[in-house]
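> Starting from the two chains in their separate frames, assemble the complex, guided by the hints.
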Amino acid sequence: MTQDRDVGYIEAGQRLIQPRKLEWNQHELLAVAQRAEVRNTGWPIGLVLQSPGLAPVPTPEGIEARLSRYGSGRIEDFWYFRKDGSYYVSRLFEENFETPQFTSSEGHPERCIWFDVRIWRIAEVFLHSAALYRELGIPPEEPYVLAVNHRGLEAREFYVSSPLRDVYPGMICHSPTATWMMELTQDYLTSNLKSLIREVASGLFVLFDFAQISQKVIDGIVDKFLHSRL
Amino acid sequence: MAYESSESVAFRQRLLISPGERAEVDYKSSALFDGDDQYTLKLIRHIQGMANANGGWLVIGFNGTPPKPDSNHTDGVCSSYDPTDVSKRVNSYVARGQRIQLTVYFEAHPETGAKHPIIRVEGFDHLPYTCRSDQKATDTGKSILRQGAVYLRRPGAETSEVSTPEDWEDLIDRCVRLRRDEFLVKFRELSERMMTPKPPSPSTTEELSRWMEQMREKTLREFEEGSS
Chain A
1 MTQDRDVGYI EAGQRLIQPR KLEWNQHELL AVAQRAEVRN TGWPIGLVLQ
51 SPGLAPVPTP EGIEARLSRY GSGRIEDFWY FRKDGSYYVS RLFEENFETP
101 QFTSSEGHPE RCIWFDVRIW RIAEVFLHSA ALYRELGIPP EEPYVLAVNH
151 RGLEAREFYV SSPLRDVYPG MICHSPTATW MMELTQDYLT SNLKSLIREV
201 ASGLFVLFDF AQISQKVIDG IVDKFLHSRL
Chain B
1 MAYESSESVA FRQRLLISPG ERAEVDYKSS ALFDGDDQYT LKLIRHIQGM
51 ANANGGWLVI GFNGTPPKPD SNHTDGVCSS YDPTDVSKRV NSYVARGQRI
101 QLTVYFEAHP ETGAKHPIIR VEGFDHLPYT CRSDQKATDT GKSILRQGAV
151 YLRRPGAETS EVSTPEDWED LIDRCVRLRR DEFLVKFREL SERMMTPKPP
201 SPSTTEELSR WMEQMREKTL REFEEGSS
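Going down the list, the sequences are from chains A and B.
Once you know that position 228 of the first sequence is 228 in the working numbering, the rest is easy, because the numbers rise by one and skip nothing.
Once you know that position 206 of the second sequence is 206 in the working numbering, the rest is easy, because the numbers rise by one and skip nothing.
These aren't lab readings, by the way, just hints derived from the structure by calculation.
Errors might be hidden in some of the hints.
Cβ-to-Cβ under 7 Å is the rule here; a few derived chain A residues that face chain B [said to hold, decoys possible]:
no. : residue
1   : Val7
2   : Ile17
3   : Tyr80
4   : Leu92
Ideal placement from N, C-alpha and C gives every residue a C-beta, glycine not left out.
Chain B with its partners taken away, still in its complex shape (with noise of 0.2 Å):
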């Protein structure tokens, strides 16, 4: 795991004092997580893009190379990421039956004081999550979405279509090994179950042995008639 620590307030903290795209890591723009517009159906593709790797971090009010806090960013940009809507919005757009896992944090910037909401997203753990449908922009009328497309964020935080051999290659390989993961942790449970039984427990181990000694009452006197 790259980031045990990652539900910490530490580490959350650590993403907003020393900013820098790294691997699993995104700084983002100020702006309203609200409609169609173009920033944000590009954030719901990246995303996407971002939960086909292997998940990661979004942080959002940061701007620039490397990226500092956005002079834009204000508690009502911050209020626009109320985390039953980004969840509902973003699940809007992956296919039927699919759902993205994100959490979304809001933390206070130690040195600025203002609010940056922090999207955690969950990689896939089945299979790689497809668009739902068509979107343009509704501010650019730019084709931000397109249906059946499967999104992969690349390093350097560009997210594009799966497109190239290259490509497939990753998310194939990493669709095999959490395949092989899987059938490890049935593997072992299984094996747990046949190889450590667990002491009885005590309720049914009290029925048990009451049961049992009502039993041999009844059949003992019969047993003694016939025996020495």
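Next comes chain A alone, as it looks inside the complex (with noise of 0.2 Å):
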């Protein structure tokens, strides 16, 4: 396994419980893709492009994208959609590469996460996975499991993208990884989106020096990605 101390990125992939007897071919595969968007935000989660070099490409397993956001060749988002229906999607953290909105008196830090951004990002990966299943067919109660992982965390500080938030200096992740993984269903995503986006943004935040949000903070973040359409 390649070392990811410093890569920072967000990773989720969902499987199935029930093996699909019948395999979807690569051009249902890339139409669910599409249709599964959730247009939240610019540059969704799984996000479909027509652009050569950007465009998924069919693989015999499946279908596969590599993205690049500011056309700078760099890869910053990763998907692969299989034809068992299990799905991968991994994206660079934008604290890597964006500009800081606001620099304080004691400066941005450079190694840093968003928690705002984390709370968006966390919430695009749960409502896509719902809407990849639900655009494949499969039944709303149908069980699945879904891993979302934050990697390459480690001497990252926590900090926030807007100056209209605040949070306390110095808060350091001292773990490489942060993992979450549960059997769920789009019925119960759908029902429990908030709680679940709070328990694996809990789960994260925790990690640096105990870093904590409170609940009306991530709901109100929540709403507000809700809320935002593009």
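Have a look at this one:
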């Protein structure tokens, strides 16, 4: 396994509990991936682009896509959709390369996570996972396993993207990863979206010297995400 | 539930030792379950009525009030209540698509040693049973079963067609209760699914973890090229 201490990213994987008798072909997977996009952000998780070099490509086992957001040639997103319905997506932390919106008198930490952006991404991952199986025609009560991991966390500082929110400085992560996995259904996810997001986010934040974000703040950020439409 | 221990031998023994007409338990005299004679057809009608009530028990080989072991009861009578044959015959007289659930036990009387067929009749779970065809008794010529009739066992072990408003109220009440129970079961299952997800099954978890690791290997190098 490649050492991923320096590369910070969120990754999610999902798999149906009951193996499919019928597999989906690459054409079907592509159509489903397009329909499953959650359009709450300008660059959604699992984005399907048409441009050559960025559009999904077929493989013997499914389809995959490598995405570069800023045209720099640097791959920031990767996803793979397998013919048995399994899906993997990983995205580099925006914190790695986006310019901070603000700098305090103490400066902006170079190596950090923005907790508000992390909440958005977690919310996207959840909604996208359910959308994929909905579009595949999986019944809403059919169980699947979803994993949401954050990697490359070690030595990152707990921070925020917006000057409108305060965090205590100096809260550093001492673990390389935060992992989460659960068996759930589309129904369960839809009914418990906020508590699931809180669970994943809290499991991530606590690794930063016990950082805690209140339920009210997390739910408020989730609400903002849910009302965002681009 | 009136008889939580109804499947136990002890309960069936009690039916033999302390016989008495009571709710959900009826005693019938000893006669062969065979052909289309009046006794057999009446028993079938009674089973339909019992299934349209709440189900119950029929103990064969007792007569009188209070019921006592019938002196005419023999092993030959007992063996005519073959469970498969009884079930087949009973269900040949209910509407197509319907099936009365019944179980036949053979229980030895602890005092006389005689074996008695004891028939457990389950109540309907969705729709009341309807009689499929007209049938006259071959021995008496009396009309016992009528096509389209819905029979109902009443207190006192009497069975007759549903006819009065009270009968219908009783039957409709039962249907409504069953539908409500069915709805509650579905609702509870749905709630459980939505509120209490299970921990992931190990095999799926392992397979997913293994695959994610492969995917990670595949992409990490590309990520590393442009990140810090």
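> Against each hint, give a clear statement of whether it holds in the structure.
Verification of the supplied hints:
Because the closest C-beta pair between Val7 of chain A and chain B is about 5 Å apart, less than 7 Å, the hint holds. With a cut of 7 Å, the hint placing Ile17 of chain A at the interface with chain B holds, because the nearest CB-to-CB distance is about 5 Å. Against a cut-off of 7 Å between C-beta atoms, the interface hint on Tyr80 of chain A holds, since the closest Cβ of chain B lies about 6 Å away. Taken as an interface hint, Leu92 of chain A checks out: its beta carbon lies about 6 Å from the nearest beta carbon of chain B, inside 7 Å.
Hint compliance for this structure: every hint is met.
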